[in-house]
Structures are given as C-alpha cells and as structure tokens.
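The opening residue of the sequence shown carries number 1 in the numbering used here; numbering runs sequentially from there.
Worth flagging that the hints you see were computed from the coordinates, not collected in a lab. This one's a predicted model, so the numbers in the text were calculated from it and none came from an experiment. Check the hints yourself; a few may be wrong.
[As the list claims (entries may be wrong)] Computed beta-carbon distance windows for the label pairs:
| id | residue 1 | residue 2 | range |
| --- | --- | --- | --- |
| 1 | Q34 | R7 | 20 to 28 Å |
| 2 | I20 | I40 | 19 to 27 Å |
| 3 | I54 | V13 | 36 to 44 Å |
| 4 | P8 | E55 | 45 to 53 Å |
Think of the CB as a built atom: it goes at the ideal place given N, C-alpha and C, for glycine as much as any other residue.
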Amino acid sequence: MVYRILRPDADSVWKNEEIIKRFIRYRGIIDGSQIARYLIAKTIDCDYDTSDSIEKLEILL
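Work out the full structure: start from the sequences and follow the hints.
Put into structure tokens, the structure is as follows:
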C-alpha cells in the first residue's frame with residue numbers, strides 16, 4: 001500500500017491490540033480481505049426523483 005511508503009509510522013499503530021479490536025473491519029479493508037461498504041453501496045441502484053419530498057424518500061429505506 002502507498003500509505004506504508006508515505007507514512008511508515010502508520011503501520012506501528014496496528015501493533016496496539018486495542019486498535020486491532022476496535023478497528024478490525026478497517027484493517028481488513030487495508031489488507032484487502034474485506035470490501036469497503038461505500039463500494040458495495042454505490043453499486044446498488046436506487047430509482048428516485050430529486051424533487052421528491054423527504055417523506056417519500058424515506059419510504060425507499
């Protein structure tokens with residue numbers, strides 16, 4: 001990863017067990033074993049009209 005070249009100190013934070021427990025998903029994204037949720041979300045189509053009211057848009061949820 002590029003961040004390891006630009007910020008070698010960024011790797012040292014992952015040696016802290018508390019950080020690993022709290023941010024396990026982010027570590028998976030960094031390692032490439034998990035996909036970021038926004039990448040999944042942007043592939044899902046949602047048909048809506050930008051002029052719809054908030055109430056109508058909430059129904060889509």
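Each hint tested on the structure:
1. The supplied range of 20 to 28 Å is met by Q34 and R7, whose beta-carbon atoms lie about 21 Å from each other.
2. Our hint of 19 to 27 Å for I20 and I40 holds, since their Cβ atoms are close to 23 Å apart.
3. Remark: the range hint 36 to 44 Å for I54 to V13 is upheld by a beta-carbon distance near 40 Å.
4. A hinted range of 45 to 53 Å holds for the C-beta pair P8 and E55, which are about 51 Å apart.
In this structure, none of the earlier numbered hints is contradicted; all agree with it.
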